[in-house]
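Participant: Protein chains in written order, with my numbering: chain F, 1 to 285; chain U, 1001 to 1454; chain E, 2001 to 2732.
A hint or two may mislead.
A short, non-exhaustive set of chain U residues, derived as facing chain E with CB atoms under 10 Å [to be verified]: (1) Trp1390; (2) Trp1392; (3) His1394; (4) Asp1395.
Quick caveat, the hints were computed from the structure, so don't treat them as lab data. Every residue, glycine too, gets a C-beta built ideally from N, C-alpha and C.
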Amino acid sequence: MSVNNLLENWSQFRHFHPVDDKPHDPYKWAMSIDLDACTGCNACSVACYAENNLPVVGKEKYAHGQAMHWMRIERYWDEDDRDFPDQGAQFLPMMCQQCEAAPCETVCPVAATNHTADGLNSQVYNRCIGSRYCSANCPYKVRYFNWYDYPTDDNVWPAEMNQQLNPDVTVRGKGVMEKCTFCVQRLHAAKGAARSEGRIVRDGEVQTACQQACPASAISFGNLVDPESRVHKQWKAQQVELDKEEQTKDKKEEGGSELRGYRIFEELRPYPSVMYLERVRESAV
Amino acid sequence: MKDIREDIAWAKINQDVLKSLENPRKLYWVILFCALAAFGVGIGCEVYQYQTGLGVANLNNPYAWGLYISTFIFWIGMSHSGTLLSAILHLMHADWRKPIYRFAEAMTTFSLMTAGLFVMVHIGRLWQFYYSLPYPSERGIWPNFQSPLLWDAMAIFTYLSSSILFLYVGMIPDLAICRDNMHEGWRKKLYTLLSLGWEGTDRQWRNFRVTYLTIACFLSPLAVSVHSIVASDFAMSQQPGWHVTSFPPYFVAGALYSGCSGIITLFIILRYVFKFEEYMTKSILKKIVRLTFAISMIWTYLNAVEFASVWYSNDQASKDILIQKATGTYAPFWWGMIFCGSIVPLTLAFKRAQTNIPVLFAVSLLLNLGMWLERWMIIAPTFSHGYYPWTWDHDQWPSLIQWGMVFGSFGWFTMLFMVFCKVFPSVSMYEVKEMVYHRSLHLKKSETAEQGAH
Amino acid sequence: MMNSGFDRRDFLKVLGWSGVAIALNGCGNTSVEDGKETVVSYVETNDYMIPSISTYFNSTCAQCDAGCNITGRIREGRVLKLEGNPDSAINRGKTCGLGQAGVQHHYNPDRVREPLLRKGGQGEAITWEKAYALIAEKLNGVSGEEIAFLTGGVSGHLKVLLGNYLDSFGCKNHFVYEAIAPAVLRAANKKSYGVEMPRFNINKAKVVLSFGADFLGAWVSPVHFSQQYAQFRKGVDGQRGVLIQVESKMTLTGANADRWVVVRPGTEGILALGIINALGTASGDIAAKVRGYDRALVSKETGVPPGQIDKIAALLKLRSPSLVLAGSAAEGYAHGSQNAAAINLLNHVLGNVGKTVEAAAVVPFPQMAPATGNTAALKTLNDGLNAGKYKVLFSYAANPVFTAPGAMKFKDSLAKAGFKVAFAHYLDETAMQADLVLPLDSALEDWGTQVPEYMAEGAQINIQQPLMEKLHANTRGMGDILLALIKLRRAEEYKKFDDYYAYLRTAVLQNKGALGGGVADDDTFWNETLSKGIIKLAGSSHALSGNAATAGLSLPAPAAINAQYPLHLIPSVSASLRDGRHTNQPWLQESPDPLTTIVWDSWVEIHPKKAAELRIAEGDIVEVTGKNGSIKAQAYLFPGIHPDAISVPLGRGHEALGRYARGYGVNPFQILDAVFDKETGELALHETRVKVSKTGQRVIVVKDEGFVGGKQMGKKIAVRVSSDKVELSEEV
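Between the sequences and the hints, there should be enough to build the whole structure, so can you do that?
Facilitator: Here's what the structure looks like:
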């Protein structure tokens, strides 16, 4: 409570992207999404609704841009003015990138969005006053605000439907910001279980809801600092490093790398924790 | 033309000014009634929004801020010229400010109070507003000192408390006059209480001068810093169109600009409503108008600087926003802002316009509109056209609820201002007396000099 | 064990389910304060019932007929979420969005809760006893021929029981109706491969050439195919699989193709023959058949550039094995069977049969094999109804009033049936017409066995078991209802089964040996079976016949443009809404269509060029008029469609069903022409011709896509790379 505490420990309140003297240990949650496998089927998004108690806002509010899909599937077309999209479309699942130097964190006046020691960008609903500065400063626009009091809104969770709500996840009332948490409730349970056995969470032991549902297994998720984890191996093989705003591989002479890993808006230096793998299209046809 | 007649008797000054507390023109009551009605509309909108949720404002993702923040900046800006007139010009010994600084200072205080309201209606959980204040809490939780929004809250509170203090301190001698001239009743009690036993002794005057000067010194940099901090809300963020180094001076210039035009508007209204023609002379008006013209040109220049720095910055996202502003959905408003902010003030360059009250009234309203549009054009294009194209949304317009609250804020401000002018002397009696005294001294001096020359 | 006196409640106790049953009384939104609900003591509960700890039970997804095995997460007696069962060969732990929404079917606020008897325009709640008595009364003196039983696809013991029930009347009128089933394909496959539904090994193919088969979206077994697709993309021997999709309206699968080839609607078969011709490897009959289909002709008729045909042929030749799939877009014509046959022929020519097209395992109990639905059944039923043949009609898991083509006027035909009984979860359009509506348990409350039509690996029987106690006291499982009904006919044979559960258990245990039970005792085997949720069988498979005959294969030239109705109407099937039975699940309504990102409404997809010609802009309300009526919906400019076609998604436009479905969008089934496939008699879904006209109204399309649509505006967001630039085999 004392001001001393504030002055002395202030630097501890914030964790920035890991530097040499303060690495993430033992966890740094990260994701990689293979856009070549992703079919854009929306299963992840629906699974997220089911797991995280996302309200269905209805047509009218959706029309006003007030949808609450933490995970949205974006569909892009080629921009070459051909009559037909003969190379198909391009799908991209977009959710909170859990940035290491998150633009949203520094601007929150009440510190309701924080960095956790395991590399998540957490949102403390109880603390949030709803200034929406975080959303204003998010380059990806993946923060969703409770414009209405969905728990009491008609037909969001009417009788019976409310029994489906996941008791591990708070139902958010009006006026607070929310976003993808990397299914923090699952991480929490897995960490607790592992701790009671005196070990860290093994790769594959915990899955996010989107990852678990994904029919094409396009999403991998895990502990980036665990050398045995699939995510770690993928990031390493793709030579994508968390704390860089420009990857060494991209600095090579023209032609670029032959590796598919990239992060969106890396150059803005948010150090996102989600790596995407470029979609591949056959050159022979 | 003179700033003020030199032959007004001091007793007449008291009489004239105190009259404003008693019997204004009928228009006063019309304005007050309209203000109350507008404020009522605003209250109604807020009650509905509070009950239902902010969605009724038709904000969305990505368009998270709307007119609330735009109008917030507008009102913060309005506050600046009061300080300019009362504190900065005081320090510079510009005598002409004396008859008008009181209401300008009141304008500062009330527009800050209005701006504060917008912070309240903007946030999602009004009932948890106090989380943003750095109070020592049992849980050891502090607000985030990194957030410009927090700096904002602190700067505004400081500015508000300082300007209330400044307004009050500057009013003490006049409150004593009111006390001495008022019939028995609640007003007399009020003035007795507020005048803090002012007798007009030498010692009191000496202390008063020092206090007043000190607060003026303190307030002047504060005024500049407050709007710089409001600018930091944007400049410190990472969004295209906001992340501009020149934002703080640009904001301060804009603030002074809108404040000055606000003063012109209120000057004209007060002059008429309270029959202050003898005190708020056209000569003073002319000086404010010239000041406004100068500031408008500075603002225009800083605007150009901002565009140029964006254009040559090689920051494509910011450039896109600039192009959007000029050609996109918001283009009419943006060009409206350029027109009202940079073209309309050119009329003020003409001497005939500088004292033509109907023209000035219209121009000042246009300037205010332009400055309000400026604030909206800072907010809206960046939200509608940020970094992420998938979420670009150019079709989101503020709902009637938002407009209602903007409307209501004008009501609230006008109501406070009108009540203030009716309850407190809106022309500083003791300083006008000083002014008359100085002028007559000056006249005497020059007469003596003339005589001496013979 | 045949009649051990077990009832379901006793069993729950034995297995430890009684805890759930008790806890359930106090679950839900407890408002202990107001004393409305009972607090349940957790002092003495079963071992696995720990507050805040989830338990998992396996069951089978009933959202579509693919038969994915699921695991339900249950906490404090409530099912919260469905995941895939990792041991399943079909979905391997995965689910689709539709499957995820299964809980919203269960918890749906618009479920029917009481048996309802029509009284004037209203439904009056009656007891089950009364309902059964009423059915018995109505069936009294009615011959088997005067009874019709309409169902969706059924399999497993439900099918057995239903068959026996109909037998008891000597009734043969079991109409299995599915509005959007690959029925033409089944017939074509039977001819080409000797089986209706072989196994397609997408993961083993190096090239997949799909003629409108939306195998990532709504075709046959999409979750299974999606996994195969992911493997296919990773590559066989380090060579990444290439997907070429040929269709007139881009499906989700088309959107994922390396090359999306747009063809004139209905000419898929011609293109297939053209490719065979271009391959130049066929001999004998086939060569003779395709001789006429040179690239100039094929290109002219299909609209596919000659170079494109050559490239596809070259690629198919170069990379083997490949796989050619015929989907609903190719089937949906009067010559749909011919199209499918031509496409299947390509598999023979490429030598894929036996490699990527393999015989599927078959469940060795024909009685349980799925009765697959089609639209020909509906036509027969409709004709019968119109002839006034049926005095009593039962309807289960089908909603023909909504899904029958408008030209059939099924609603009017239905009125001619004497007494209509609907077994229903919701009051859908068909149930609204029924005289008696019997409320069903949700799929998460009911017992059952299911045999998927598409067998992924070995044969399997899926177990469906309740994941929680019933939400509503007065709903019944379909099996229980059938059992009750059959007891009215053959009391002696069925009296030993107290309920459908007892029947199932007995049935499974009776055949323990064949089901892999070995020497395990009954209880152990039964518990294990329930715990696994799948009975995997050794299963045999019919050999593929390898019939590459071209006899009777003749493809009509593309139809001339109809001056009055110049456009083809393509009713598109979305992965989440299908034929509209799940539209009342709000997650699905709010889950954007993957290609247009539109939510909560129908739309008319139209090519930008055509739209410019007709001066239609996005959001214009257009009227789509065909011979059988018109519908009005918002226009959406969509590049992935043939300019001579428009597309309207199926599934929306309900007039009943529930609060989330009613009044959203339009129902294109209503304006479908009654054109049928010449060989199979199946409804040709894509044969409807329409014209489009503006109504002058315009709305803002409610969609997720932003102001600039699918453009990235020069930003590096979704990046694509050419396959020769990456080395996939070196990836993790």
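Participant: For every hint, state whether the structure bears it out.
Facilitator: Evaluated hints:
1. Trp1390: holds (5 Å)
2. Trp1392: Constraint on Trp1392 of chain U satisfied, holds at 4 Å.
3. His1394: Holds, because the Cβ-Cβ distance from His1394 of chain U to chain E comes to roughly 5 Å (cut-off 10 Å).
4. Asp1395: At about 7 Å, which falls below the 10 Å cut-off, the nearest Cβ of chain E leaves the hint on Asp1395 of chain U intact, so it holds.
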